[in-house]
Amino acid sequence: MEDFIKALRASEVRVSPAEAIDAHRAMMEIGYADRTLVKDALCIALAKTEEEVERFDACFDAYFTRDAFTGAPPSSAPQPGEGRGGDVGDLPLAQMLLSGDQISLAQAMQAAAIRARSTDVRLNTQRNLMSRRILDEMGLRELEELIQRLREMGLPRDAALADRLAERREALFEESTRFVDRQMVLYASETGRRLREGLLAQQKLTSVEPEEMRQMEALVKRMAKRLATRYARKRHRAHKGKLDVRKTIRKSMGYGGVPFDIVWKTETIEKPKIVAICDVSRSVAAAAQFMLLFLFCLNEVIEKLEAFAFSDRLIRVGAILEEEELDAAIASIIKKIGFRPTDYGRALSDFSELHRDSLDRHTTVIVLGDGRSNYANPRLDIMREIAHRSRAVIWLNPEPETYWGQGDSRMDQYKRFCHVATVCNTLNQLERIIENVLRTYMPR
Amino acid sequence: MTVQLSRTPVAQPPLASVEAIIAGLAGVGYIASRRIATALFMAQHLSKPVLVEGVAGVGKTELAIATATLLDLPLIRMQCYEGLDESKALYEWKYGKQLLYTQILKDRMGETLEGAHSMEAAMDRLHGMGDMFFSDQFLEPRPLLKALRVEGGCVLLIDEIDKSDEAFEAFLLEILSAFQVSIPEIGTIKAKTPPLVFLTSNNVRDLGDALKRRCLHLHIPLPDAHLEEKIVATRVPGVEAKLTRELVAFVQSLRTIELRKVPSISETVDWARALVLLHAEALSTDVVRETLNVLLKYEQDIVAIEPRLNDLLGRASEASGGE
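For the record, the sequence lines run as chains A and B.
Each residue of the first sequence is one higher than the last, beginning at 379 in this note's numbering.
Each residue of the second sequence is one higher than the last, beginning at 1385 in this note's numbering.
Partial pick of chain B residues on the chain A-facing surface, computed with a CB cut under 8 Å:
no., residue
1, L1430
2, H1601
3, L1602
Chain B side only, calculated, beta carbon under 7 Å to chain A, not exhaustive:
no., residue
4, R1418
5, R1419
6, A1423
7, H1429
8, L1483
9, K1596
10, L1600
11, H1603
The set of hints was computed from the structure by calculation and includes no laboratory data.
Glycine included, C-beta positions come from ideal geometry on N, C-alpha and C.
Produce the complete structure using the sequences and hints provided.
Below, the structure is given as structure tokens:
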């Protein structure tokens, strides 16, 4: 039972000690006889979301089929006459192998695995070591000695016996490797995945491999969800301690002037309004794509999210992102305006035409781009106006700070009008920045 | 529903085993899968609340109602919404009566305090009087308190818990784990018989871990064809077996398509009722087109499905055995 819960935790079903106790109590109620009943009962006690139910089912099946010893050595029935000759001695492993007793073998392996602590296996490289350790625990060394001894005796009967033992030993090797593999799947797949995800979150957004895209997407969604739930919670919060005198007196009228119903002042917390402007020219396209996805996942907290994309012209992309799947949306944005030489001045003047009027003191403008304007007029006057009208301007630049202002980069000039200008090149940084933006809107 | 409730005095309690629960629920018109029955069984034996999740119309609320009927217990239902607080969920003071009480007290004060010459004596007298102001008489019980006070237990249904606020969820924790509430002025009120609690959620927002940990979790998925046929047959009297098979196969095929809102059980049942009313004996393209609005609740979905009707119907009649 403990092992099963460990396996569940490894496959990302979160089980608290209290739930484990529940599971035990449930098992005491229903017993172990009926397999489906056990599965249903444990599922109800332990898996707490729809996804967890799925993972639970998979894990339960994987865990409780492992007892079946699959790869049976051929024709396991012992041949008469040479069955369990006294030669084998009282070595249980040899006896089991010869008699082809699969169930005892499976049990022995299970027991050996517990002694060898195979549930601690985490990494691929530990596999051989672990299977070796299990076999040792089962008495492999003694078996080898036995085979050796039989061979040395030189009698044909003993030699044949030794050959058969050796053959079954090979089968046992395979079996133990399979066993360890299953254990890996049960206990270690999670750790490996977490490791990979951790690395992905630190990887440069501009250099994400295509095959990692899916994983990255999932990661972005999870991060966004985490932020969304964290901040959705704080939105309605009454400020106890401040009496709303007017409302209290108004309510007291109903009770003949006695203030029974006391009304406290509540603070409505404004939701942030975010305007995102993304550069989709080739150099920063990948980063922009994640940025947009991230913001859209955050829709729950952000009341008003306006997204714009530009290279030489600027367009509104909110509708495209909302209606289409990520891939299609990115593709159609790129098709419309992508891969042309960037012109920040032009894009900014487009922006001020389209959206200037709706910038107000609740708006945070987030610009994502490298600030490389191809030597065109950077239109700093517009940038100044944007900074003036909005609550904050945050510029995220995927380039390292030392490159700012070199070549055609105008970053050093834009920087003056930004409240925050920072390097943002990994998902972790992105999450941190967005979190900071949200926090400024929320009460301490 | 023509199904009569068989409320014969049962020798054996209806929640004695999973099989008994399935049979019992079927008796009151609710076809339960094994997992649902197991959840109910465990809820009873571990006395823990059950958190029921699933898409809208899959029978979450219905499960609580059916259980209450099965056990012959009163059902106390509380609908959650944003802004629900403890004065609406748990208890409220009867302000008007409290006010009257203070008036009476004022009038009587002269009599009571007669002869008490010093302030101390007057205060002593005052303390000697019973303090009625915050007492049971002035307590107006709301659903949760009612559920705790019912003699002999009840079924408490907290509907759509995900619609309530975070704070209210936290407030529920005490009730759910210990079946008791604390009222600051009076003290702790404990349930005489722990009620059987169902919480339902549509996953509008993620519930807190603390709440989930205190509950057994039951996720009701959309049923497979076999189960759904049984449900339709129970809920819609007078529907023919062939039609049932066809319409269930059709609905099942709809569920494989990307729709804004896939039809769930309640839609299937409504549709079956509509078809019976129209005296439809088999699914024809015209009948389906006319009644599609029962099944699909969004204009876009209807528009998306209509041109494919023939194709879908063909597949449905194949799947139902094509008899």
